[in-house]
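There are 8 protein chains.
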Amino acid sequence: MDTKQLQSLLEQFKANRIPIEELISQLTYQDLHFAKIDHHRNLRCGFPEIIYGENKSVHQLTKILEKLLNNEGPVLATRINEKKGFKLKADFPELEYNVLARTLARYTDEKKLGTVAVMCAGTSDLPVAEEALVTVNVLGFEAIPIYDVGVAGIHRIGAALEKIKACDVIIVIAGMDGALPSVIGGLISQPVIAVPTSVGYGAAFGGIAPLLTMLNSCASGITVMNIDNGFGAALAAIRILNQCNRFIQ
Amino acid sequence: MDTKQLQSLLEQFKANRIPIEELISQLTYQDLHFAKIDHHRNLRCGFPEIIYGENKSVHQLTKILEKLLNNEGPVLATRINEKKGFKLKADFPELEYNVLARTLARYTDEKKLGTVAVMCAGTSDLPVAEEALVTVNVLGFEAIPIYDVGVAGIHRIGAALEKIKACDVIIVIAGMDGALPSVIGGLISQPVIAVPTSVGYGAAFGGIAPLLTMLNSCASGITVMNIDNGFGAALAAIRILNQCNRFIQ
Amino acid sequence: MDTKQLQSLLEQFKANRIPIEELISQLTYQDLHFAKIDHHRNLRCGFPEIIYGENKSVHQLTKILEKLLNNEGPVLATRINEKKGFKLKADFPELEYNVLARTLARYTDEKKLGTVAVMCAGTSDLPVAEEALVTVNVLGFEAIPIYDVGVAGIHRIGAALEKIKACDVIIVIAGMDGALPSVIGGLISQPVIAVPTSVGYGAAFGGIAPLLTMLNSCASGITVMNIDNGFGAALAAIRILNQCNRFIQ
Amino acid sequence: MDTKQLQSLLEQFKANRIPIEELISQLTYQDLHFAKIDHHRNLRCGFPEIIYGENKSVHQLTKILEKLLNNEGPVLATRINEKKGFKLKADFPELEYNVLARTLARYTDEKKLGTVAVMCAGTSDLPVAEEALVTVNVLGFEAIPIYDVGVAGIHRIGAALEKIKACDVIIVIAGMDGALPSVIGGLISQPVIAVPTSVGYGAAFGGIAPLLTMLNSCASGITVMNIDNGFGAALAAIRILNQCNRFIQ
Amino acid sequence: MDTKQLQSLLEQFKANRIPIEELISQLTYQDLHFAKIDHHRNLRCGFPEIIYGENKSVHQLTKILEKLLNNEGPVLATRINEKKGFKLKADFPELEYNVLARTLARYTDEKKLGTVAVMCAGTSDLPVAEEALVTVNVLGFEAIPIYDVGVAGIHRIGAALEKIKACDVIIVIAGMDGALPSVIGGLISQPVIAVPTSVGYGAAFGGIAPLLTMLNSCASGITVMNIDNGFGAALAAIRILNQCNRFIQ
Amino acid sequence: MDTKQLQSLLEQFKANRIPIEELISQLTYQDLHFAKIDHHRNLRCGFPEIIYGENKSVHQLTKILEKLLNNEGPVLATRINEKKGFKLKADFPELEYNVLARTLARYTDEKKLGTVAVMCAGTSDLPVAEEALVTVNVLGFEAIPIYDVGVAGIHRIGAALEKIKACDVIIVIAGMDGALPSVIGGLISQPVIAVPTSVGYGAAFGGIAPLLTMLNSCASGITVMNIDNGFGAALAAIRILNQCNRFIQ
Amino acid sequence: MDTKQLQSLLEQFKANRIPIEELISQLTYQDLHFAKIDHHRNLRCGFPEIIYGENKSVHQLTKILEKLLNNEGPVLATRINEKKGFKLKADFPELEYNVLARTLARYTDEKKLGTVAVMCAGTSDLPVAEEALVTVNVLGFEAIPIYDVGVAGIHRIGAALEKIKACDVIIVIAGMDGALPSVIGGLISQPVIAVPTSVGYGAAFGGIAPLLTMLNSCASGITVMNIDNGFGAALAAIRILNQCNRFIQ
Amino acid sequence: MDTKQLQSLLEQFKANRIPIEELISQLTYQDLHFAKIDHHRNLRCGFPEIIYGENKSVHQLTKILEKLLNNEGPVLATRINEKKGFKLKADFPELEYNVLARTLARYTDEKKLGTVAVMCAGTSDLPVAEEALVTVNVLGFEAIPIYDVGVAGIHRIGAALEKIKACDVIIVIAGMDGALPSVIGGLISQPVIAVPTSVGYGAAFGGIAPLLTMLNSCASGITVMNIDNGFGAALAAIRILNQCNRFIQ
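Chains as they are written, first to last, in this note's numbering: chain A, 1 to 249; chain B, 1 to 249; chain C, 1 to 249; chain D, 1 to 249; chain E, 1 to 249; chain F, 1 to 249; chain G, 1 to 249; chain H, 1 to 249.
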């Protein structure tokens with residue numbers, strides 16, 4: 001719920017078009033016993049409640065989606081595997097399912113000011129990159145994919161540098177040695193959000209190696225997200241872009 | 001070196017006031033054998049080269065400071081312990097030494113648009129908070145300290161909420177359970193930079209516990225810095241504020 | 001075996017209704033070679049021997065259940081997956097199988113004084129919460145579920161606070177950042193038992209992240225259980241309620 | 001502040017004996033900039049704010065102690081090393097300094113109902129045991145020390161068993177193998193709070209070994225505290241005893 | 001190959017009944033390219049080469065078994081899963097397959113002096129215990145199983161103590177808290193070999209918890225094996241019994 | 001692309017046989033959106049771009065192989081599981097699929113000067129050893145397999161020593177205790193590249209144990225690769241042999 | 001107390017030469033409040049209670065030594081640093097202080113049958129080796145030092161092999177790669193007790209590297225002790241030798 | 001001892017100028033009880049025995065140095081702190097002490113063919129870099145220092161690239177993110193030996209972060225040394241250069 005929706009809701013209540021219980025529920029959260037849907041997160045945080053699908057059943061997802069689709073605005077569920085995704089896509093044709101990103105989404109028409117570069121070091125990082133890309137897009141911002149530009153072939157970074165510099169926030173995704181954010185961070189002045197991935201040989205330890213690399217980046221002012229968390233990186237980028245937009249209001 | 005300084009430098013060169021070797025050195029870096037000073041980092045990254053003092057001798061610090069103080073603009077050295085700090089302060093009276101933050105700094109007069117809230121959960125987190133505060137200030141932005149507001153007394157957060165919401169970027173510093181960023185992140189829409197500290201009982205493991213808490217924050221879009229890295233958090237905030245300022249140019 | 005059962009057993013022996021070998025076995029344990037059933041744990045610990053089903057075969061579970069069902073009082077087996085659960089339910093119709101909690105139980109009619117709040121932070125924590133809930137109920141106490149009240153939407157906690165304060169012991173279950181017990185512990189005076197779950201993105205490391213958060217809680221006097229151990233949390237709560245009941249004897 | 005103190009405070013305000021600012025400060029917290037003293041924690045949690053002295057300077061401790069000593073009731077600072085302890089003891093003669101426990105305390109005269117057994121496995125665990133003992137005593141409950149009863153000489157446990165069974169809550173402190181809580185937990189029905197210590201040979205890893213042992217205890221319903229956290233164990237015991245006392249109100 | 005077999009082999013060579021190449025191969029090892037079979041390990045170490053089956057194919061196992069079965073004496077392959085086990089049992093009817101222990105063995109008729117107690121704490125530790133038991137038996141010593149005697153019911157240990165004391169070496173197997181060897185080690189004077197198992201809730205971390213417990217046992221002189229390594233424990237026991245037998249030669 | 005190929009390419013361009021876009025692409029990399037193929041890695045690093053197949057789909061592999069097979073010289077894809085391998089082998093008959101090594105390769109006819117010994121400690125290390133062997137061969141050098149020579153039967157090493165000493169670089173592969181490189185490193189003067197494998201009982205922790213052993217080798221000058229990284233070891237050997245060959249140019 | 005001492009004690013009691021309280025104390029343990037001295041451990045375990053001096057004060061050590069020296073037989077305190085050692089040596093001239101081993105001991109005249117080889121890989125392992133050596137000697141067995149025989153110079157092992165084979169139990173101490181026990185274990189048939197030490201470069205991690213090496217030894221039947229625990233290794237050897245001696249009784 | 005020295009030694013023996021005991025000792029090792037000096041390591045490994053000084057006393061170092069200085073050729077002791085260094089320098093004036101590298105050395109006049117680049121990422125890595133540099137020089141090869149060229153200022157690498165490409169082996173030393181070897185490895189074809197250092201903020205964990213980065217380098221064929229092990233890197237480089245030299249013999 002954003003400010004406009006809130007105003008409309010209150011006017012409907014005043015005009016007796018919705019009962020008080022409904023109003024309270026919309027203003028706080030809806031209790032489905034196994035989940036409490038947080039309708040005014042958008043007011044507080046600048047983005048709506050988004051569904052983390054990993055351990056939820058199709059039944060639970062259906063119940064939550066039904067409630068969220070009643071509202072206007074973007075709807076997003078992440079970590080929806082293929083089996084759940086195609087099932088839910090069939091039931092909710094207004095949703096778009098992205099196999100690689102594992103997302104189920106209703107996009108918004110509203111376009112906001114700001115562009116996010118989504119870089120990744122290798123082909124294996126694509127699912128994380130696509131999750132970030134979809135999230136940025138669903139919530140109304142532009143996203144530019146810049147893929148397979150690892151540090152072992154540093155000329156590929158040079159070739160992409162102008163494109164990167166034209167973006168407002170840079171998400172840098174890498175597995176294995178996780179060295180890409182350090183190189184990027186030393187070349188540009190924009191905010192850099194580093195995301196380690198769980199890709200790699202034995203001693204990558206499911207993403208610990210690139211996570212530590214990024215936390216210890218010798219390029220200053222690099223921030224870090226959880227392993228494989230493309231979604232979180234997108235939301236961090238959106239927090240920044242929302243703030244940038246406040247500067248021009 | 002920022003754009004204005006660069007222009008001035010090139011004009012001096014054209015006017016034969018500085019030799020070509022000096023120009024090249026200023027445009028790239030100066031080689032002191034044990035260190036290569038990166039003069040045009042400001043052009044690339046939006047902030048000048050800053051000295052990490054942890055393992056450097058007073059002799060090495062003196063050599064580097066002499067070079068950096070030749071330039072205009074802010075100068076900052078971090079992780080300067082008391083012994084080194086008072087010695088260098090005596091040699092370079094234009095620098096200010098902050099015992100708690102362990103910083104040696106020449107502040108800039110130029111004030112830039114943007115305010116950073118520096119929150120910390122407990123009294124023991126103060127050195128990290130002060131390092132962030134000094135760094136933000138030295139580089140020309142405003143910083144608001146909001147200290148000792150841990151989640152075990154959540155009414156203290158409520159009391160500070162309006163002050164927090166008035167800032168553009170929020171740095172949240174916490175040791176032990178590191179839970180503060182999750183609570184803050186769920187209450188506001190600004191960018192949140194979480195910094196774990198090495199404070200606490202045995203199983204905090206020198207900061208691993210709050211680091212993991214923050215990486216796994218259930219409030220979406222929280223970014224994380226290395227343990228005790230107040231300096232890095234400040235630079236991440238400045239990358240964001242610089243970007244916000246570009247929106248109004 | 002509780003005190004009443006013991007008295008009855010001894011009287012039967014005196015009246016020659018059971019042989020001495022049976023009495024000894026009942027007083028100590030029964031040896032099934034692969035398992036020794038501990039009949040007088042109830043006397044020592046205040047709760048009967050409960051079966052940990054994880055690595056036991058249906059054959060082994062059958063043998064143990066046959067012996068335990070001979071006694072009066074509650075019977076409980078945990079970590080019984082669906083396949084084993086429905087098989088055993090068919091053989092022992094007096095047992096109730098709970099798919100979500102993965103428990104197989106014979107409830108007791110005896111109701112004891114005391115209420116346990118079972119809180120969880122997210123929908124994915126439900127299996128652990130349900131295991132705690134069933135255990136508390138099977139052993140004769142009341143349990144109140146309070147689900148999906150994570151710290152990222154702190155107003156949901158406020159809404160539940162009165163309900164929580166009316167309980168005698170609070171079990172708080174959370175994955176990811178594990179921050180919920182810190183917030184709860186700072187708001188109430190009751191005993192708080194924190195249970196980390198293995199839910200979450202990469203750097204949650206199968207529950208290590210919330211485990212460390214809880215061990216380092218800045219709210220004082222929070223106790224912690226093993227990862228995903230809803231059963232253990234319930235028994236810890238019952239140890240406390242049993243002790244409370246002794247205060248009124 | 002407890003309920004009685006609150007009532008008295010409100011009456012003084014009504015009678016114009018204290019100004020409204022003072023009342024607000026007493027009802028919430030006092031802001032010393034580097035620390036916010038939480039005066040009504042006692043109302044919320046059943047015990048007053050207690051000072052964690054580890055990283056606080058004598059100056060900071062002095063400021064906080066001055067405020068806390070203004071109130072009635074018990075005062076406690078933990079992790080006060082000898083140097084700080086004797087200095088502060090000289091300035092605040094009403095405080096008692098315990099070298100082994102590293103505590104600085106003003107005891108309460110009020111005696112509450114309930115007894116805590118404080119067991120430890122070896123002589124090296126004494127500082128942790130004493131910290132627990134002092135905390136229990138300062139806050140008005142009885143504590144019984146039962147020291148050096150490790151599992152390698154199990155007859156020593158047998159000898160102490162009756163004494164243990166007479167207590168209401170059992171704190172069990174052990175380093176190295178941390179096996180003592182498992183043995184105790186299998187012998188008694190009271191709440192058991194296990195505290196690992198950082199004592200031992202190489203692979204004890206500063207307390208990780210006994211911490212893991214205790215989290216994995218095969219005696220059910222054992223709760224665990226952070227490494228070396230005798231203070232936290234005492235507060236957990238007090239939460240339980242306070243709850244027991246509510247059963248007889 | 002033991003000393004008697006060696007003597008017989010050399011005499012056959014002298015009598016021209018075997019060629020020199022065969023003798024050399026028998027005296028050193030046989031090269032199957034993917035494996036080099038070590039025929040005189042028995043001479044050096046007191047037990048023959050034993051096959052670790054974990055990552056070997058049925059084809060590789062067949063080749064190695066063919067060679068080993070040519071020699072006299074015991075033959076043993078460990079970590080043979082059911083599929084491989086029943087296949088190889090069909091091809092080599094002289095071998096005995098034990099499903100629980102996952103072993104394939106040809107027993108020796110020769111009985112040696114010495115008895116090993118194989119204790120385990122819980123039913124889930126049985127596969128490790130059975131692997132130890134089979135290994136001890138195959139190599140000619142007696143083994144006494146003493147199962148499900150965990151420390152949470154310490155009276156079960158008392159009941160078994162006389163049986164334990166009658167053995168020459170004690171293997172103690174435990175998962176979860178791994179506390180059993182500490183209790184046993186404090187009660188008896190025989191050599192104790194502790195084996196951690198990978199059984200348990202989350203924070204057992206696949207056996208790390210009991211491994212650390214055992215390495216830090218406060219009962220002195222306890223030795224430790226790798227996680228789940230029942231086979232290794234049996235060989236350690238046999239090294240001891242072989243040495244004991246040398247005392248009576 | 002090597003120097004000869006580069007020259008030929010430039011001459012074709014001069015002769016107008018290829019367009020400038022093609023030339024640029026060949027000189028830098030080809031962009032398939034999901035992957036950027038690095039054609040001049042051979043010029044920079046002495047070996048061509050090699051495909052890491054772990055997380056790539058058959059579709060992606062097909063696209064990349066099509067491009068790489070257009071060039072002359074060796075082609076190699078590693079970590080190709082059986083299912084992908086046989087599918088791609090069918091589509092690209094010029095490639096050779098090695099099931100054990102999990103490689104898909106087009107060998108080069110050019111033979112270069114230099115021999116690599118590929119040693120492994122046990123039969124279970126074969127997949128890693130074969131991956132190293134294939135890589136060395138595909139890139140034109142000789143490789144000598146020396147398998148199953150673990151330190152527990154040190155006479156097997158003695159027997160192979162002359163063969164080892166005749167090689168120019170020694171790759172030593174071992175799981176479990178990882179002790180083989182220490183023994184080999186103390187016996188020879190050649191470069192030794194140690195590769196830990198993920199084979200073994202519980203506390204091998206997926207290769208951490210041998211990795212640490214090798215990093216701490218008491219034989220000086222041993223270098224170490226990532227766990228199971230036979231491919232990387234081969235490339236490290238080739239870097240050395242290429243350098244040796246430069247000494248005779 | 002051994003069997004002979006027990007008999008004498010009982011006869012003194014019968015003859016009224018000692019009071020009943022003294023008898024009970026001697027038969028169980030003496031309570032010094034901070035420590036309970038276990039007088040009949042020798043009866044149970046085959047060796048007397050030995051003092052672990054690490055965290056004990058000179059005052060505590062004095063109290064315990066006074067009690068232990070009242071008994072006949074060997075007395076041993078380990079981990080006594082130089083400062084404590086020389087102070088206690090002055091007060092108890094009958095004790096011998098060994099600076100390298102950090103032990104304070106009263107040797108026994110009684111010599112028992114059995115010899116222990118104490119091997120170490122490098123000079124830095126000497127304190128651990130000497131602790132083992134002293135412990136073996138104090139308790140009446142022979143110990144043979146074999147020092148600085150690391151696997152990087154394997155001919156040094158060959159030279160010592162005959163001496164090693166003449167011993168009954170082999171303690172093998174090594175830091176860094178910890179590879180020595182694997183080589184020794186493959187060459188001999190005696191019991192091998194491996195002790196990792198905390199010596200080495202960064203990634204030895206205070207002994208974790210050699211600890212894991214030893215737990216994963218590919219020589220079968222190697223047992224392992226805690227890091228730096230020379231004392232424990234000696235007691236494990238003595239448990240074995242005591243058992244060997246029972247074979248000839 | 002190299003081949004020339006060996007020949008001379010044997011001729012002296014034949015000419016009765018040295019006794020047989022002396023010859024044997026020179027051919028194998030000298031036994032100082034606490035250390036066995038390995039005189040013919042040079043013959044086996046291509047470099048002499050080098051002293052690891054970390055835990056050795058001045059007395060032990062003196063004894064060993066006396067023996068080694070009797071031989072011709074280079075002598076080197078590493079990890080000699082200032083106190084030991086200046087003491088030993090005074091006693092052995094022919095040795096050179098390097099404070100930064102912590103080495104004590106007698107250089108050889110013999111110059112061998114081959115040059116090693118010693119790169120480091122930051123000023124704090126200098127002690128490790130200098131240890132590598134001294135070791136390379138002492139053993140007769142040339143070493144080129146290239147310092148402070150971290151990836152955050154990638155133009156500094158470009159400036160040094162020609163110098164790097166002119167060397168035969170590249171040692172790359174880096175702490176924090178450890179990203180430098182990945183960038184270097186992608187730009188050159190020489191052997192690259194990566195050395196992590198223990199420098200950095202909290203989550204560098206004493207060098208674990210850069211160690212993992214390097215093991216997971218996405219530039220292929222990078223080999224890795226232990227944390228802070230500049231000495232080992234130098235020996236690995238020398239093994240390579242010795243092999244290169246054999247190609248031209």
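Hints may be right or wrong, so weigh each one.
[To be verified] To be clear about the criterion: a stretch of chain B counts as covered by chain H if any three or more of its residues have a C-beta under 8 Å from a C-beta of chain H, and this derived list gives those stretches:
hint: 1; stretch: 54-63
hint: 2; stretch: 221-229
[Unchecked claim] One side only, chain C facing chain E, incomplete, derived with CB under 7 Å:
hint: 3; residue: Ala15
hint: 4; residue: Lys36
hint: 5; residue: Asp228
hint: 6; residue: Asn229
Keep in mind that the hints were calculated from the coordinates and are not lab data.
Where is the CB? At the ideal position from N, CA and C, for every residue including glycine.
Is the interface hint satisfied for C/Asp228? The criterion is a beta-carbon contact with chain E at less than 7 Å.
Status holds, d = 5 Å.
Does C/Ala15 pass the interface check with chain E, least Cβ-Cβ distance below 7 Å?
violated, 27 Å
Per the CB criterion, is C/Asn229 less than 7 Å away from chain E?
holds, 5 Å
Chain H covers the stretch 54-63 of chain B, three or more CB atoms within 8 Å, holds or violated:
Since 4 is at least three, the answer is holds.
Under 7 Å, Cβ to Cβ, is where C/Lys36 needs to be relative to chain E, so tell me if that hint holds or is violated.
holds, 5 Å
Three residues minimum, CB to CB under 8 Å: does the stretch 221-229 of chain B make the cut for coverage by chain H? Let me know.
It holds, with 4 qualifying residues against the three required.
The structure does not agree with numbered hint 3 stated previously, though it agrees with all others.
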